[in-house]
Each structure stands twice: as structure tokens, then as C-alpha cells.
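Q: Quick mapping for you: the protein sequence lines, in order, are chains A and C. If you read the first sequence in my numbering, its first letter stands for residue 1, the second for the next number, and so on. If you read the second sequence in my numbering, its first letter stands for residue 1, the second for the next number, and so on.
Treat the hints loosely; a few may be bogus.
Repeated chains share a single entry, so a pair holds when one copy, or any two copies, can fit it.
Below are the SDA-like pairs computed for lysine to any residue, each with C-alpha atoms no more than 25 Å apart in a straight line [to be verified]: (1) Lys414 <-> Glu260; (2) Lys414 <-> Val392; (3) Lys380 <-> Pro189; (4) Lys312 <-> Pro164; (5) Lys312 <-> Arg459; (6) Lys308 <-> Asp139; (7) Lys308 <-> Gly352.
No lab work stands behind these hints: they were computed from the structure.
2 protein chains.
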Amino acid sequence: MSAVSRRGGMAVLVFDPDDAGYLSELADYVAIPSVSRDATPTVMRAAAQWLVDQLSFANGHLVETAGHPVVMGEWLGAEGAPTVLIYGHYDVQPTGQLEEWMSDPFSLTVDGEVMRGRGSTDDKGPVYIVLKVAQAFIDQEGRLPLNVKFLFEGEEEIGSPHLPAFVAEHVALLGADLVISADGAMWRPDEPSLSIGSKGLLSMDLVVTGAEGDLHSGRYGGVVANPVHALCEIIAGLHHTDGSVAVAGFYDGIAALSDERRGAIAAVSFDEQEFLEGLGLRQGFGEAGYSLLERLWERPTLEVNGVKAGGKYTVIPHRAVANISCRLVPDQEPDAVVAALQAHCAAITLPGVDVELNVDPARSRAYTIDADHPAISAAKVALASVYPTQEVLLAKIAGTLPPVTLFEEFLGAKTLFFSFSTADERLHAPNEYLRIRRLREGMLAWEQLWRLLASGPYRLQPLAQRESRISDGE
Amino acid sequence: MSAVSRRGGMAVLVFDPDDAGYLSELADYVAIPSVSRDATPTVMRAAAQWLVDQLSFANGHLVETAGHPVVMGEWLGAEGAPTVLIYGHYDVQPTGQLEEWMSDPFSLTVDGEVMRGRGSTDDKGPVYIVLKVAQAFIDQEGRLPLNVKFLFEGEEEIGSPHLPAFVAEHVALLGADLVISADGAMWRPDEPSLSIGSKGLLSMDLVVTGAEGDLHSGRYGGVVANPVHALCEIIAGLHHTDGSVAVAGFYDGIAALSDERRGAIAAVSFDEQEFLEGLGLRQGFGEAGYSLLERLWERPTLEVNGVKAGGKYTVIPHRAVANISCRLVPDQEPDAVVAALQAHCAAITLPGVDVELNVDPARSRAYTIDADHPAISAAKVALASVYPTQEVLLAKIAGTLPPVTLFEEFLGAKTLFFSFSTADERLHAPNEYLRIRRLREGMLAWEQLWRLLASGPYRLQPLAQRESRISDGE
Numbered sequence: 001m002s003a004v005s006r007r008g009g010m011a012v013l014v015f016d017p018d019d020a021g022y023l024s025e026l027a028d029y030v031a032i033p034s035v036s037r038d039a040t041p042t043v044m045r046a047a048a049q050w051l052v053d054q055l056s057f058a059n060g061h062l063v064e065t066a067g068h069p070v071v072m073g074e075w076l077g078a079e080g081a082p083t084v085l086i087y088g089h090y091d092v093q094p095t096g097q098l099e100e101w102m103s104d105p106f107s108l109t110v111d112g113e114v115m116r117g118r119g120s121t122d123d124k125g126p127v128y129i130v131l132k133v134a135q136a137f138i139d140q141e142g143r144l145p146l147n148v149k150f151l152f153e154g155e156e157e158i159g160s161p162h163l164p165a166f167v168a169e170h171v172a173l174l175g176a177d178l179v180i181s182a183d184g185a186m187w188r189p190d191e192p193s194l195s196i197g198s199k200g201l202l203s204m205d206l207v208v209t210g211a212e213g214d215l216h217s218g219r220y221g222g223v224v225a226n227p228v229h230a231l232c233e234i235i236a237g238l239h240h241t242d243g244s245v246a247v248a249g250f251y252d253g254i255a256a257l258s259d260e261r262r263g264a265i266a267a268v269s270f271d272e273q274e275f276l277e278g279l280g281l282r283q284g285f286g287e288a289g290y291s292l293l294e295r296l297w298e299r300p301t302l303e304v305n306g307v308k309a310g311g312k313y314t315v316i317p318h319r320a321v322a323n324i325s326c327r328l329v330p331d332q333e334p335d336a337v338v339a340a341l342q343a344h345c346a347a348i349t350l351p352g353v354d355v356e357l358n359v360d361p362a363r364s365r366a367y368t369i370d371a372d373h374p375a376i377s378a379a380k381v382a383l384a385s386v387y388p389t390q391e392v393l394l395a396k397i398a399g400t401l402p403p404v405t406l407f408e409e410f411l412g413a414k415t416l417f418f419s420f421s422t423a424d425e426r427l428h429a430p431n432e433y434l435r436i437r438r439l440r441e442g443m444l445a446w447e448q449l450w451r452l453l454a455s456g457p458y459r460l461q462p463l464a465q466r467e468s469r470i471s472d473g474e
Numbered sequence: 001m002s003a004v005s006r007r008g009g010m011a012v013l014v015f016d017p018d019d020a021g022y023l024s025e026l027a028d029y030v031a032i033p034s035v036s037r038d039a040t041p042t043v044m045r046a047a048a049q050w051l052v053d054q055l056s057f058a059n060g061h062l063v064e065t066a067g068h069p070v071v072m073g074e075w076l077g078a079e080g081a082p083t084v085l086i087y088g089h090y091d092v093q094p095t096g097q098l099e100e101w102m103s104d105p106f107s108l109t110v111d112g113e114v115m116r117g118r119g120s121t122d123d124k125g126p127v128y129i130v131l132k133v134a135q136a137f138i139d140q141e142g143r144l145p146l147n148v149k150f151l152f153e154g155e156e157e158i159g160s161p162h163l164p165a166f167v168a169e170h171v172a173l174l175g176a177d178l179v180i181s182a183d184g185a186m187w188r189p190d191e192p193s194l195s196i197g198s199k200g201l202l203s204m205d206l207v208v209t210g211a212e213g214d215l216h217s218g219r220y221g222g223v224v225a226n227p228v229h230a231l232c233e234i235i236a237g238l239h240h241t242d243g244s245v246a247v248a249g250f251y252d253g254i255a256a257l258s259d260e261r262r263g264a265i266a267a268v269s270f271d272e273q274e275f276l277e278g279l280g281l282r283q284g285f286g287e288a289g290y291s292l293l294e295r296l297w298e299r300p301t302l303e304v305n306g307v308k309a310g311g312k313y314t315v316i317p318h319r320a321v322a323n324i325s326c327r328l329v330p331d332q333e334p335d336a337v338v339a340a341l342q343a344h345c346a347a348i349t350l351p352g353v354d355v356e357l358n359v360d361p362a363r364s365r366a367y368t369i370d371a372d373h374p375a376i377s378a379a380k381v382a383l384a385s386v387y388p389t390q391e392v393l394l395a396k397i398a399g400t401l402p403p404v405t406l407f408e409e410f411l412g413a414k415t416l417f418f419s420f421s422t423a424d425e426r427l428h429a430p431n432e433y434l435r436i437r438r439l440r441e442g443m444l445a446w447e448q449l450w451r452l453l454a455s456g457p458y459r460l461q462p463l464a465q466r467e468s469r470i471s472d473g474e
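Chain A extracted, bound-state conformation (with noise of 0.2 Å):
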């Protein structure tokens, strides 16, 4: 295996050299429909199982919480060295339509050089990696490196509404050095890259009601205010026309682009038409005055992921509704920008018709960690081990990890995000995949990763005061 020569004499696991058992095992996993939002709780909690089983070493436990069950694991018995927390989820998204799908979106499917299905990237496909890095410890070395908690949980999908309390409530036997995301994509599938932060993310339904029921259109139409067209009118004003938000208030406090920030940015090799091109596009479309990449990494936003009312039959729809999503960027307040939104939205008078701005009570900020973090080092060097010949570039992810937020805010553990799915895998969309040879380079660099934070100039220093015990007492 070319790889060990290139890992200047570190000792090695040996991977499985045939991919068809993996992909059987992960397959099992994808069969497993668990869709956060609507599935049922046996569903779900079937997915959990699957993940106990997989953690068998590390006495892998549902833990319950109001919601979907959390997947909880240890191995703490690296003496001495440093500890940290492998987060990543079971829940997948919805499907979309189904017509939409080349193939079962729960059987997955390879196709030539990827695997399809849903959860393949996002993250079933992520956490399987780390599973069989620690399992192959433990089968070939007898230990892991460093001390390992697991935590994966079956709601980030729906912006993990029972995390928050649960990580509150376990803080002892949570606590670690790091926490290493198995969740959170590279950006480009042919560099290795590493994320040194992420956007935050509200979610809200702006509804518009009229009549008290459907009216049809031929006896109605023409009197009464159409709560579609009121709709129509409101979102059109939430951006202005070169897509930058028109809410007052919307961008207050965030801090100037740097030059610097602006020169690294430009210094990233990106091929803006090629990348719309595999999108299936002839133009971008964005706020003035930014790059697509500034305004990709850089700059909030605020989409309309969904509209619905009435259908192709002749009535005036009593009720439409949006769904909306912001991301944030560092230095906007959730409460102030929900603060700003309400108030655009209490200005709207439109006759006939009820405005109604329902927003989701799960509210993250955007997340960074410094780029000459320990972490950001380790995992460098971890990639370098795997791709050699690529420098590693320095990105955003411009969705949003709730999560990192809270493990910085109750844990006082910054989060690496270390995943080997890519972004354009087609994450929350029919067709989602990944590729097969990500599952192979994956291992080989978590296995370096874990090997570097324990040991050598890129250690982790273990904090004692967070070290957990079982028995501390939760």
C-alpha cells in the first residue's frame, strides 16, 4: 500500500483491502430510513441500534432525551493522554420527490466510482469511517491512541431541538480536549480541505392567511385579497434585486471584510464557471460588492427554502406559507437579526390578509476556530499523510453546524470538523452519494489524526479538570 511509505515510519492499521464488505455494512445502515423529521420513533431508534452495535468496544448506550435517542460511546483508556469527543448523527433528510431519485434512495447503490443513497454522504457515510479507524485499533494494536467519547445524535437534521439540554445536562461526561466532527463536508472533491468555521442558522414560516377556507377562484376572484399574492409581494421584498436582504437590520454589527481575509480569498484557486457549470447553471447571483466565494463564506443570507398554497384547481388559497432560512455569519446576534425580521415583517400592511412570522425556536450562531489551532495543525499534517502532493486549503463551510456552538459554549471545547463527505454530493437533495475512494482515504487519515493528537508536537494537552468518569456522578 503506497500510504505507509508515505507516513515516514509511523506505525499503521491495515484496512480491509476490498471494498465489498464496507459497502455491504454501510448499506445495511442506509437501509435504515431514518429521516428525522417524520419518521417513527422504532425507525429511529433502529438507526441508534445499528450505531450501539458498531460501538460494542467502547460500551456503546442509547441515552434518551425528549426526542430521538442519543448514541453515546467511551474508551478511556489512554492513560494520560489527551481525550475527545466524536460527534457525528445518525437522522438523515427527507427524500424530496421521489420521482427525482435514479435509484432507491434507501438501497445504496453503486455507481461507478460512488455510492448513492440517502445518508451515504450525510453522515452515515462520515461516521462509518471513524467507526472501523476504531475499531481497527482495537482489533490490531489492542487500544486507541487517546481516549475516544462518541456522541452521535438523531435530530441535527432538524436542527437538534434536544441537544442543547442534553449537553447541558452531561458536561462531566462529555467534557474532552476536542471535539472531532465526523459531520460537516470538505468543499471540493480533488483537494484535501479543512473548515475554520461555519454560518449559524434560523429557521422560520412566514404565513399569510385571508378567508377563513378556500374560496373558488370564479366566485371570489377579483374581491377579496389573494393570500398568494400577498405572499408573493412580501418575499419579493425581502431581498433587493441584486439578492442582497432588504431587512432593516439584517447585516448590523458584522465587521468589514478584511484585505487580508479578501486576499486569501482571492488567492483560492476557483473556477467560478466551472463550478456553475456542475451545477447546471449559466450565472451566479449574489449581493453586489462580493465574490462568490466572499459571499459564500463571508456574508449572511437569507433563502426561501419552500413555498405552498392551494394547487392547479380554481381556488383562492385561504392560507400560504413560506419556509425561510438565514444563514449567519460571525457577529450577528440570532435574536437581534429574528428581532429585525419580526419588525419587517410588523410594517407589512397588505389589505384583506394576516401576516404571521412563526420562528423556530432552535437559533444558532455562526462558529470559528483560529487557523493556527492545534487541531487545524494536526489535521494538516493527517491529510498531507493521505494527500501528499495537495496543499491543504483553509475554507468555511457556509451551512451550519448548531452543535459546535454548544460544545464551545458548554464543553469549552473547540470543534475540528474532519469529514470525508465533499459538498457537492448532492447533500439534502435527491441522488445524494458519496465517493467509494473517500471511505479509504478516510481511515487512513482519522487513524494519523488520532495518532497525532495523542502523541508529538501536535498533542492535545489534556485539561485534568475536564477529564470524565462514568461514576462522577450524572
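Position chain C relative to chain A; hints supplied.
A: Okay, now just chain C, sitting in the frame of chain A:
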């Protein structure tokens, strides 16, 4: 029965004094979920067969079309008497949101003075009335007072796509001196009214597409155009702020409202506030310069009936669709309105999205019948026999009955709307209902109408050349 004395010595039929039998029989018909938009052919055929069985006295039978079958029948034993063609439909609208129904839409449910169920008022109940009148004539007098043909279609709620070809191919078989429609509601429950016109109809889908597939709103938000935003911007631009249509050319050719017509409308007893309160609204809305009734009866409309894209999950939907319909008034040429809409959409240039307007092929003009047409006079007298203390109001149907323009074009026959449905009975909406008393009132009125059209001062002039024989070679 007090009605007898009112009818000035004309022969009278005796209807069942107890509603139970009627309700039970009608419940069987409503129980067949003949939603033309999506029911199976078997279900549609079951509803058609129910009518065939009721038409045993008139050689009822199915006639195939390229869509759902047509039910036909005729009783032509009144030699020398005029011939009327009775029109109605056996299909119903989709239920809409089931959770908004107070009872199963396909279980006819008596609730105080009304019976609730999909099709109860549009159009199963009103058709049932005619069938019972015809059967009572046959049972009690051995004959009908005039020649009667029956044509019940199964595609009215989807714009009667196959009726034009059917009527064109069966001109002789359908020929009549007058069409009487059992479809097309009276305006208000507390006064008798006749409609002297109905609006035309155009239906279309406005489709905005962006990327090839849905995109994760975190990973692509702010950098590509969102088709939902674009769709809403287009919809917001379809109307001026007063609700009038902003599409250039939309109003072309429409004659100004005459002072006489304005005066007649102003003279109608109408409590706008009560009308709006009945819908759960505090205020109306619509084109400036016209009263509510003027807008309802005399002005064309463009209403968005539905919108659909994405959902409550973090995507940028790649496709957003609006279902739109226009109601047309006399002098509006459907094809010219289509051209104006196409030109409006073609002029839209929004970066990063494609805009398409797909107009349905079925297009109906507006329809009018003179207020002094003999059929209107006869109908006034028939209504007066049932509602002796109330003046008959001449109203218009703001909705559309596409078949009536066909009958005029191909059969040269005007259509009298003579339905005992009322416009407030939640047509096309959840909890559709029919007032139970209207069954009996309708039977009495139809009986008188047929007698009046057959002989006496309002007798229709039969046109020999239109008389059909089943044997005439079709």
C-alpha cells in the same frame, strides 16, 4: 302542500314528503369519489354508471371519449314539443386538505339544515334534482311535458378537455332548442336569481427553474439565484398595488361599463360587510374604480391558485411552480390574453433562472344570454312559483362553465343556468355543502320550468331542423 295553491291550477307532481329517501340515495352517489383530476377510470366509470342507472327511462348509456366517459340519455316522446338538453357533470373537485374537513368528504353528512360532502352542491346534488323531476313525471304522468336529452360529463372540474370534440362530433344527437344547465350556482341563499352570463377561463402554470437539482441552502445560499425568490418577484409583478392586473394588454377590448349596468348593479340589495364577514374577512380587495359587485360580475381577474416549491428543509429548490387562472369577460379574446401573458413573461429577465409559462389548451370565452330571452322569462315564472314573495335577481356567474360556449358555437343553442346550488356553499373548498331544502325547492321549480317551456306563453319555439333521431347516422 302549500306550493300547490301557488301554482295557479297547473298540474303538479307529488314528491316524496320525507327527505330521508332522497338523502340516502344521494349519499350513494356522493360516496363515489369521482375526482376527475386523479381518480382511477374505474371510480369515474362507477359515478357515470350511477347516472346511467337513474336514466333507465331515457335509455341512459355511456359514450366513450378520449378521457372520462360521457353519460347520455333522451326521452323524445313529446311529438311537436320543444326539445331541451340537460347539462351537468358527475366529476368533483379534489378534496384539498383532508384535515380541514369536518367529516369524510365522501360520506354525505347531514348537519342541521345542510348536507355536507364533496359534490353535494357541485354538481351531484343539482343533477340529482333533475333526475328526480324527470322520474316523477314518468311515474305520475307517464310522460315528460317536452322532449329532453341528457348530457352529463366527467371532466368539468378539469376544464372539459374532451367535450369540444364530443359536441362537435354529435351535433345532431345533441341538438336542442335550449340547453338547461344543472351546473352554475345561484348567487345567494335567500333570494332566487338567474345568471345572464359567466366568465371565460384560462389556466396556466408559471415555472421557474434554476440549477439542475435542489441545492443545500447552506452550501450554495447567497451565490446562486433562488427560483422561489424569482417566482415570487414575477407573481408580485402581475398585479398593481390595488389588485388590478399589471400585464400589458390584459384589459384590451373590454367595453367600458355602461351607466345603465352600473346603475343596475348599484340597485342590487347587497351588504358588502356582511358578505365579507361571511368569509371571515374584515375587508375586500381589488381593482380601484369598481365596486365589489362590479369587480365580481364585470371585470376579468388573474388569480394565483397555488404555489409549490421545496419545503421546510434547508434547500434552494431548483424548481418553483405557480398555478394561475384568469377569468375573462365578454370582448376578451382568450388567445389575445394568452399572447399578452406570454409577452409579459418573455420580457422578464431575471439572472440565473429560466421562466416558462405553460398555458393549458382548454380556453373558454365568457358567455352571455339576453335578460329578455324567453328562457329567462320562463325561469323567472318558475322561480316565482316556489319563491312567491321574492323578486328574481338577474346576476352573473363570476365563475366559468366552459360547456355553454360550446353549446352556443356547435348547437346554436343558448344555455339557461338553473341550478339550486348557492355560491356560498364552499364549492371547490373543504366542507362543501348543499342546503337540504334546496332539493325540494329545486324539484318544484324544474317541474314548473319544463311545463312552462312546453306550452303556454313561454313555450320554446321548436326548430325542426335541430330535432335529432338516434338513427340519424352518427
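Q: Of all the hints given earlier, name the ones this structure violates by number, lowest first.
A: Structure breaks hints 5, 6.
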